[in-house]
Structures are given as structure tokens and as C-alpha cells.
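Trainee: Chain by chain, the residues:
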Amino acid sequence: MKTKKWLIVYILSSIPLLALIAALTIFVDPYFHYHKPHTDLFFYELSNDNERYLNDGITLHFDYDAILTGTSMMENFKSSEFDAAFDCKTIKLPYRGGTLYEINSNQEKAFQNHSVKYIFRSLDYYMLNKESTEKRNHFTYPEYLYNKNLVDDVKYIWNINVLSSIAKSFVKYLKKESGITPFDEYGNWMSEYVFGKKEVLKGRTKFKSPKNFFEFTEQDENRTRNNVQKNIVDIAVAHPETQFYYFLPPYSIAEWGILYENGDLQRRLKEEAITVQLLVGYDNIHLFSFNSKTDWILNLDRYKDSVHYDDKINSEMVKLMREDKYRITKENVDDYLKSETDFFMNFDYNSIF
Amino acid sequence: MLFNSYEFIFFFLPVTLLGYFLIAKKSVKLSNVWLTLASFFFYGWWNIRFVPILSASILWNFIFGHLIHKSKNKKLVLFIAIAVNIALLGYFKYTDFFIDSINRFAHTDWNLLNIVLPLGISFWTFTQTAYLVDVYRGKTEPCNFLDYVLFVMIFPHLISGPIINHSEMIPQFNEKERHKFNLDNFALGLMFFLFGLFKKVVIADSLAPIVDQYFGGADALSVWGAWIGVFAYTFQLYFDFSGYSEMALGLGKMINIDFPINFDSPYKSKSPIEFWQRWHMTLGSWIRDYLYIPLGGNRKGQVRKMLNLFIAMTLSGFWHGAGLKYIVWGIWHGLLLVVNHSWRYFAKPRNIKIPSFVAKFMTFAAITAGWVIFRGGVKRGLKIMTKMFNIESIFTASVSGNQIFTILILILLSVTVFIMPNVIEVLNGRFKTSKRWILVAVLLTDICILCISRNSVFLYFDF
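Sequence lines, in order, name chains G and P. Going by this note's numbering, the first sequence opens with residue 787, and the numbers climb by one from there. Going by this note's numbering, the second sequence opens with residue 87, and the numbers climb by one from there.
Source of the hints: derived by calculation from the structure; they are not laboratory data. It cannot be assumed that every hint is accurate.
Claimed, not checked - In silico DSS-like pairs for lysine-lysine, Cα to Cα no more than 25 Å straight-line:
1) G/Lys-790 with P/Lys-262
2) P/Lys-266 with G/Lys-790
3) G/Lys-1105 with G/Lys-1079
To be verified - Here are some chain G residues the structure puts well away from chain P; computed CB gaps all over 12 Å:
4) His-821
5) Lys-997
6) Ile-1021
7) Arg-1113
8) Lys-1116
9) Asp-1121
Unchecked claim - Taking CB as the label site, the calculated pair distances span:
10) G/Asp-849 with P/Ile-490: 37 to 45 Å
11) P/Asp-350 with G/Lys-934: 41 to 49 Å
12) G/Ala-805 with P/Thr-482: 46 to 54 Å
13) P/Phe-127 with G/His-821: 32 to 40 Å
14) P/Asn-476 with G/Arg-1108: 47 to 55 Å
15) G/Thr-1003 with P/Tyr-92: 39 to 47 Å
16) P/Leu-203 with G/Trp-975: 31 to 39 Å
17) G/Ala-871 with P/Phe-127: 56 to 64 Å
18) P/Tyr-431 with G/Met-787: 49 to 57 Å
19) P/Leu-162 with G/Lys-934: 55 to 63 Å
20) G/His-924 with P/Gly-176: 24 to 32 Å
21) G/Asp-970 with P/Gln-299: 25 to 33 Å
22) G/Lys-984 with P/Asn-476: 21 to 29 Å
23) G/Lys-961 with P/Asp-350: 48 to 56 Å
Keep in mind the model is a prediction, meaning the values are calculated, not measured. Glycine residues also receive a C-beta, built at the ideal position from the N, C-alpha and C atoms.
Work the whole structure out from these sequences, hints included.
Mentor: As C-alpha cells, this is what we get:
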């Protein structure tokens, strides 16, 4: 064949399959970038691996009046339990390993076109002392899903991972299965891990005395304040009509032991103190800490590592938050901080072995 | 900009080609200017801050090329010119390594400067250094400004090579015939580009998360995991780099410019010596011409030859990256070459030959061992290699379904890499504008376009 003809036929032949895939992606839209899911036709999987690909679409297109969000500390929550306890309709937006900035950015988006009655959110200690615009390293965020630019959507409509999701949906379509992963299951990792003291301690037999102490510098203090203000407080102030339920998750005593051994205990407690003091005193912020729930944190069989607890703890937290128990308020914040510091600074970590 | 991006394929490339050939109808010189400007755009797309640095480097080397040529004290002028090039490279690439090393040995706590590396600096430094040395040696006259800038900037080679030689390139820039759009060259160039793109975005980029996972979780690797991780990386590196080099070849062909070949089935090599004649071939030539020979080459006896080889390879290891693992890798290859040359010196007069299969196996094993260090670092690399020979766990360790699938893919890739003809051999030997090849081109195109944008794997352990 003559080269000119060859090239023309080649170009024209490359188009149909690509056009079909683009049309399919726009119609099925597994990441909800353009529209609500067609749950009457296809099954939409909400997978832990795709959180940063799914959450934006869920935020923009789903119907809800409450958001359940945070890091892996909330992935095992059941939306249905929040819905029952607070009489709301919750979407679940887990950001495992997520920074305060990431999670706050998503919430700001939610408020653009939804009226939100409740925000339920975990506040992770190790995310407090970070720059206020920090996101995760070594991860390429799909900005093309977060903006309104249609040109960069080429990365969505022609994407092997997206196509793979569509293929899975089609297999289910042929079996006449449709719907969407329930939020109760989205992000849930209970079945993936083994729980117990052995898993938590991983062969460790003692906690050594700390060799160095990490000083909590002025730079640390300013950074923490700025991060907490911009990414936890400001949004609550901007939306007095919304109730913000924030909780400090109950890390196991082993995690505090590790902090102790690394000389990081005081710094962590100071970061928490700053955070807590910034959050009390607002009518629409309900702050909880479950650190004093020693029947949880001392029971290593309820954890799969030093920080991640089982889903029954999640369910109990919902109940306790509904009943306003373990709440930190302006009235009790000083006592709370003092008793917490006393406990963790004086605890005999080697007694847990 | 990268070749494997939508903006390159759908915007930059068509616009650049169109402009180049349309302008060439009026003026060859102006079309070269267009190509140069396009290359600056290509370079500045990711970070425009690097453009002034590159421009300054080009200007410096152009001026010094002329100064060396005219000077009575050529050696001194050359020395100054190269020193500044090395200083620039050293500053951007090695400062933080230097600070970190001092911190480790002297127990100091200096802050790293976190200097951002200008894209391709290792390549365009080497390219220009070679030019200066050749002017000094009288191998070439300094060229005019436009030719020089285009020589350094021309976009197919700018970021990742091949390291081009001015004597091969510059004559091509002024040949009128090359400035006429040639359908056959374009079609062949397109096929090179598609094959290279497929090797990079489909094969290499599919292996990358597997490598990250296995090298990242080195502590918990089973014997199967260790072998999978090591083979996956050896192949990832090969398909990524050779793929990119073939894309460069293809892009060159589209504009009727012949770039040098960089890869020639290196894993089929029967010796380390042969490996360096087949892997990153333009780097091998550069090391020989501008490191090994100036050190004395083989002109000062056998012992000195071994030493020169060893030094040259160690330095080239350091060129690859600012880190101990790169130096160790370079030392490893230096040792391999020394052993290889020594063996030849001993075996040849005695007519001792190693069977071809054994030689290939030993070579591949030695090269792969180097790659494990190159990728994982010395400590982790050695750990992974130890786990590869954990014989007992062959019977106790379980293999998941995913792993079996991965092993099958790796076996398929092994056949491609050890036995089948490579892309260059296939295209130069067998490509013609037939229906069958339309099917190949369409499949490659559609699959590649789908694989350019992949979801990023979230590495949870890395916070």
C-alpha cells in the first residue's frame, strides 16, 4: 500500500475504539466525575485503593446532608450508624493517610453545592504538626478530577484503570447485578488484617528509655497552630449552621510507648494541647477524645497495629458521641489536658508486655 | 515535557512537525530556528526556571569552543571550560549528597539545600563537554551559533539522551533533502515511536508498582517475592530506558534526522564487555572517548588499563546518581570489566571458551545483581539477594494468584528479551506499509493512549 494511504487508514482506524471508550467512560462514569451513578444499570465499586479518585465525585454528585471523613481512623465506621443516631444521610469519604489540608479542601467543595448538617471527622495526631498546604508525597493526585478543565479529562476518558473498572461493571451488568458498594463497607479493612497483641507488638519485648527528646520549638507551635486553624477551625467558623463532630482517635498504649521510646511523647502532647485549645469554645464544634477510655487503649487484642482499632470501637464511638460522652469543652479542657499528660508521662510502658 | 504525555503527542509533536516542514520550504535555516524554539518550549514546559540555566550553559560552551580553538594555551582554556560545567553539574546534582555525607561522617547537622535538579543536566553537560574536548583535540572546528544551539537542544535527545556527537549531527542540520517531509521516514519513525511508547507506558509502567511494592517491602519478602521483584526491576529498567531511546529514534526519523542507537539487546550479552557495547551505547562510547582514553586507556600497560577501566566505571556510576549505591554500582561494573579483560588475557592464548549459554547466564546474573543495588541501595539490595537464595522457604512460602500471573508475564518478557529480535531489528528488517502493519500500529496506538494516564498507587507505608 502507498505510504500516504497507509497513514490515512491508520489514523482513521485508530479513532473508533478510542471514541467508543471515551463515550463509555462518560456514560458509565465510574468516578462520578460528570454525573450521578447509574445504579439501576451498573454496579459501582467503591474501593479502598481509589479513595482519592472517588471522593471528589461523591462529594459533588451524591445526595447527602452529612459527611463522615478522616483518615484510616474512620474507615471502619458505618454510615448507617451515624444516619440512625443523628437522623441524617451521610456520605463516607475516607482519605487514608490524608493530611488536614486534603480533607479540608474536600469539605470546602461539599459546601459549594450542598447544605451540610453534620461533619464527622477523625483528627489524627501525626497530621497536626504539618504545613497547612501539605499533601502526600510520592502520590500523583488526579487533579484532572478535581478541576472543571475539560481538556485534561483526557486522562480520565482514556485511562486503563478506569476502563478496568468499567469492564468489571459490565461483567456484573451481564449478570444483572447493579448498585453501589454500601458506604458501610467503603474503606473498611477489617477482613484484611489479624488483630491481637502479637500483631501490635511485633516481637518487641520492651520499650527502651528515650535517648533524646524532641523539643517542641516555636516553629512547631506556629506550624501546628496555622495548620489546625486553617484546616479544622476555619471551616467550622465559616459554617455556623453545621455541627462539626471532631474526635481524637484512641491510639493503643503501644503507640504512646513508641512515642515515649523515641523521645517524642511531650511533643505529641503539646501538639494535641494546642489543637484542643483552638477547638473548644465554638458552639458548633463538638470535640471528643477517647484517650481516657483505658478499657480500649490498654487492650491490645483490639488493635491490628499500634494505632488501628477494630470496628466495634468505631460503633461504640458513634454511640458515645451521640450521648455527648468523652467530650472536651471549655469548662473541662484544662483538667482533661492535665490528667492526660499525667497519665501518659507517668505510665509504665513496660508493664504491657 | 515528556514523550509519554497527551500534550506531547496531540499538541507539541503535530505543531512542531507542521511548522518545521512548512517553514523549511522557504528556508532551511529558519526551520532549524523553529525546531530550536520548539525544543526550548519542550524543555521549559515543566519548569521554566531551568531554561536560563540551560541557556547559560549553552552560551558558555559555545563561546569557549571558539576560545579553545583560537587560544595558544588550549589546555588551560579547556580546563576552565570543563571545570565550570562540572561545577554546575556538581552544584545541582551533588551538593545535597555532599552535605549528607559530611553529616554522616562528621556527625554534623547541616540542613540540606533541597536543590531542584534541572531536567537532563547530566546529559547536556556530557554532550557539551565532549564537544569542547573534540575542539581541543582538533577533531572538529567550532560550529556556528545556530547549529550549536540546535545540537544541544534538539528535543528528541534533550532529556534522556542518546548522547549525541556533533560530528554525526551537525552536518545533518544543513542538508536540504532532510528538510523535506518524507512519508516513508515518517511512517517508520511513527512505528519506532509507537513501539518505544508501548515499551515504556505499557510494559515498564506496569512493572513499576510491582517493583515499588517488592523493593519497599524487602524485609518481608518470600523467596518468590525476591525473584519477582528483581526480575521485574531488571526488565522495568530495560523497557523504560530502551523504550525512551527508541521513541527518540522515531522522533528523529520523523524529521529525517538519524540519531544513534542506544540499545541492542543488552541482556543477550555474553560478557560484561559486550554488555557495555549493547546497553546505553552512547554512554559507553562517551566513557571510552572522554574518560578511559584521557586516563591513558590501554596505552600504558595491562595494570594501568585495568585501573583506568575501574576509575572510569566508578565515575560513571556516580554520574548516574548522587548516592552511595550508584558509586557501588559503578565499582561493581568496574570490577566486572577488570575481571572480564583479565579473563580474556588469560583464556584467549590458551583457547579456553565458556559455553555461550553459561556466559549469557553469568553475564545476566552479574548485571542484575548490580541493578538490585542500583535500585534498592546496598543494604536493602543485599537483603533482597539473600532472600533470593532462601532455599528452605521455597517449600514453605505461599504464592498468590497475582504472583503467579506476574511470574507468567515475567517469563513472557524473558523470552522477548533473551531470544526474540529487538524493536530496531524488527522494524528495520520487516516493517512495510501493509494492512498487517496498520493493525499493529492501531493496536499499539490505542493501547498506549489508554496507558499513558494511570492511577497513582498510594503507598501507605510511606508517610
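Trainee: Now, for every hint given, state plainly whether the structure supports it.
Mentor: Verification of the hints:
1. G/Lys-790 with P/Lys-262: With Cα atoms ~22 Å apart, G/Lys-790 and P/Lys-262 stay inside 25 Å; holds.
2. P/Lys-266 with G/Lys-790: holds (15 Å)
3. G/Lys-1105 with G/Lys-1079: holds (14 Å)
4. His-821: Holds, since 21 Å exceeds 12 Å.
5. Lys-997: holds (14 Å)
6. Ile-1021: holds (23 Å)
7. Arg-1113: holds (29 Å)
8. Lys-1116: The claim holds: G/Lys-1116 sits with its nearest Cβ about 33 Å from chain P, beyond 12 Å.
9. Asp-1121: holds (33 Å)
10. G/Asp-849 with P/Ile-490: 37 to 45 Å: holds (43 Å)
11. P/Asp-350 with G/Lys-934: 41 to 49 Å: Holds, at about 48 Å.
12. G/Ala-805 with P/Thr-482: 46 to 54 Å: holds (51 Å)
13. P/Phe-127 with G/His-821: 32 to 40 Å: holds (37 Å)
14. P/Asn-476 with G/Arg-1108: 47 to 55 Å: Given range 47 to 55 Å: holds, Cβ gap about 52 Å.
15. G/Thr-1003 with P/Tyr-92: 39 to 47 Å: holds (45 Å)
16. P/Leu-203 with G/Trp-975: 31 to 39 Å: Holds: the Cβ-Cβ distance is about 38 Å, inside 31 to 39 Å.
17. G/Ala-871 with P/Phe-127: 56 to 64 Å: For G/Ala-871 and P/Phe-127 the Cβ distance comes to about 58 Å; the hint holds.
18. P/Tyr-431 with G/Met-787: 49 to 57 Å: holds (55 Å)
19. P/Leu-162 with G/Lys-934: 55 to 63 Å: This hint holds: roughly 60 Å between Cβ atoms.
20. G/His-924 with P/Gly-176: 24 to 32 Å: This hint holds: roughly 27 Å between Cβ atoms.
21. G/Asp-970 with P/Gln-299: 25 to 33 Å: Check passed, 29 Å falls within 25 to 33 Å.
22. G/Lys-984 with P/Asn-476: 21 to 29 Å: holds (23 Å)
23. G/Lys-961 with P/Asp-350: 48 to 56 Å: holds (50 Å)
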